[in-house]
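Asks: Next come the chains, spelled out residue by residue.
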Amino acid sequence: MSQADATQAAPPKREKLFTADGTPLRKALERANRRRKLTALALVGPLLAFILIFFAFPIAQMMWRSVDNPQIVNALPRTLQALDTWDGQGLPNEAVFAALHADMIEDLDRPRREQTIGPLGIRLNYELSAARSAISRTSRAVQNFEAPYSDAFMDAHRLWGQPELWRIIKREGRPLTLSYYVAATDREYDEAGNIVKRPENRQIYVSLFGRTLALSLAITFMTFALGFPIAYFLANMPMRYANLLMIAVLLPFWTSLLVRTSAWIVLLQQQGVINELLVNIGLISDANRISMIYNQTGTIIAMTHILLPFMVLPLYSVMRTIPVSYTRAAKSLGATPWTAFRRVYFPQTLPGIGAGGVLVFIISIGYYITPALVGGQSGRMISNEIARHIQQSLNWGLAAALGTMLLVGVLVLYWLYNRLVGADSLKFG
Amino acid sequence: MALPAYYTAKDKIWHYAFRVICFAIFFFLLAPILIMIPLSFNALPYFTFTREMLTLNPDGFSLRWYQDFLASDSWKRSIRNSFGIGIAAMLVSTFLGTLAALGLSRSEMPAKGLIMGILISPMIVPLIISAAGMFFFFSSINIAQTYLGVVLAHAALGTPFVVITVTATLVGFDHSLTRAAANLGASPTRTFFKITMPLILPGVISGALFAFITSFDEIVVVLFVAGVEQRTIPREMWSGIREDISPTILAVATILVMVSIALLTVVELLRRRGERMRGLSPQ
Chain A
1 MSQADATQAA PPKREKLFTA DGTPLRKALE RANRRRKLTA LALVGPLLAF
51 ILIFFAFPIA QMMWRSVDNP QIVNALPRTL QALDTWDGQG LPNEAVFAAL
101 HADMIEDLDR PRREQTIGPL GIRLNYELSA ARSAISRTSR AVQNFEAPYS
151 DAFMDAHRLW GQPELWRIIK REGRPLTLSY YVAATDREYD EAGNIVKRPE
201 NRQIYVSLFG RTLALSLAIT FMTFALGFPI AYFLANMPMR YANLLMIAVL
251 LPFWTSLLVR TSAWIVLLQQ QGVINELLVN IGLISDANRI SMIYNQTGTI
301 IAMTHILLPF MVLPLYSVMR TIPVSYTRAA KSLGATPWTA FRRVYFPQTL
351 PGIGAGGVLV FIISIGYYIT PALVGGQSGR MISNEIARHI QQSLNWGLAA
401 ALGTMLLVGV LVLYWLYNRL VGADSLKFG
Chain B
1001 MALPAYYTAK DKIWHYAFRV ICFAIFFFLL APILIMIPLS FNALPYFTFT
1051 REMLTLNPDG FSLRWYQDFL ASDSWKRSIR NSFGIGIAAM LVSTFLGTLA
1101 ALGLSRSEMP AKGLIMGILI SPMIVPLIIS AAGMFFFFSS INIAQTYLGV
1151 VLAHAALGTP FVVITVTATL VGFDHSLTRA AANLGASPTR TFFKITMPLI
1201 LPGVISGALF AFITSFDEIV VVLFVAGVEQ RTIPREMWSG IREDISPTIL
1251 AVATILVMVS IALLTVVELL RRRGERMRGL SPQ
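Protein chains in written order, with this note's numbering: chain A, 1 to 429; chain B, 1001 to 1283.
Isolated chain A (complex conformation):
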């Protein structure tokens, strides 16, 4: 039956269509679609699994560390039970000390890898300095303790006589904790267990987040101020020359980050090229060399240079699409060049400014290398503090809390960026 016959002979009433082997067409189509869907999933599957295992899972695990709190629960189950009835005033009674003794004795019998006293000391030390030495000193002597245990513990270390330590044990004796976030927002628990602000001289992180935001904004503004003119310049010249001059933007983009950072160290340091030049032409005296590096200035200059291409490239691609005739029309209708630029041209570049601005801001807010190398003390950003807690102070819970806050901030910004321009429009080079 030819196709023409089939259409002509089609009955007015809807009848089921069949494929050659007799299955209903709808079913065959569904099966084929399902198979195509599965093929597509099978192609994406390997990478999806790879990213989930080696990227998403590690980050989720790190975020979990910011609330995970197993140390006290594992080490002192009996003590925590005995503390249940303690009202938080004064010292706990003898029963609690006896329970503590039992917990610590039991721990000595465990194989070395499973001992819980070491992690307990580290965990308590985050809340109260000297707690670690109290725990380790006590644990060395605990075998010889005799009743009454409260005196024995207080003889071993004075900290056992302080209600603060007991309040911490009771408060943090839960499998999950908020204390890392409390610390990451410059707060602490007072005696009644309320969250209050830390004394002024111990506030670090809120102002560090503030400084990170301020530096990132400054860098974003600088890249805009420098990027807009050259993007305009490049977009309004013949393609041939523009491609050639584009190299000036792309070469830094492709050059190693460490190379660019060390270039600024070479230029800006006290004995560097710029200071030598200024001294030699007599603008400044040898004693008054300008310190342009290892402070905020260094961070801003170097990062502006490093991130400038990320502003120029989106701006350029938007400006290329703006027809010249619009500005000409505005001028022929009597607008001054400035008005034509301000009212007609500039509004059309806003998508590019938004895209470049958010991109630069997102990158700079989580930047680590350049601030670490040229930032000194005043140019440090939040990433440097996260790295310090992971590598030096070993307070991983606090690092995780700070990291989670940073990550949430970046994801919100990225969501905004996506709303503005769409992730697909990211281009490189």
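Note that these hints are calculated values from the structure, not bench results.
Values in this document were obtained by computation on a predicted structure and should not be read as measured data.
Idealized CB from N, CA, C, for every residue including glycine.
So the derived label-pair ranges between C-beta atoms look like this: (1) B/1185 <-> A/23: 19 to 27 angstroms; (2) A/218 <-> B/1190: 55 to 63 angstroms; (3) B/1054 <-> A/218: 34 to 42 angstroms; (4) B/1141 <-> A/147: 41 to 49 angstroms; (5) B/1108 <-> A/81: 53 to 61 angstroms; (6) B/1107 <-> A/25: 14 to 22 angstroms; (7) B/1107 <-> A/24: 20 to 28 angstroms; (8) B/1059 <-> A/214: 47 to 55 angstroms; (9) B/1273 <-> A/320: 14 to 22 angstroms.
Starting from the known structure of chain A, arrange chain B on it as the hints suggest.
Replies: Using the frame of chain A, we list chain B on its own:
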């Protein structure tokens, strides 16, 4: 470009002032990178031009920092590591990324937005957070401070670039070509290698280059995940800058600038080729 005749004096001043400003900004972009090249030939361990260099006296120049670089075992190891890790990571991310891009560009792909979001997340998450997460996870499965760990980490960071560049190439892809191949009796595999692959190759290669440069230039993850054995060139530069900064850094930097010029050229050529080829295929 001649100025239009109707330009007033103010217009002219503004026209030239604008050009001066633009060239000053181009100077700001290029000068720091280019200034290291002559300084790397300094005969003395300074980061400034000596009097001999300024008078072009041959005694002011030397290759001693390049000799230092080539004689040092740790630098040599870092070159091997950088290329080895970079190429291995590039192969992993190009293979996985190209497959995923082929899947993502199919119209019947479910949950496209969500999956795309997950796949490009390594590009968005701040490196310090990725590095910290990988440090804990890789330590717990005992692949921290191994080549395997660094390669896997770098492969994960490189895949978004492959996915994005290959997906972009596939946007302009004419699917009637593969249908024609199938119609003429080619198997799906044969269609892929004979028809699809040659057409998307420029995208795949530039994605691969991006993946390579991502690994080659990466330092934060290396700082956390790599041990002494796995130190790459950026890692050695990091210690060089932090501990004792010597002009050897400048010699390395000069070589790296040359490498980036070469890569930039390749990518530019590929882009042009890709545009030409897509111009040929009917849209």
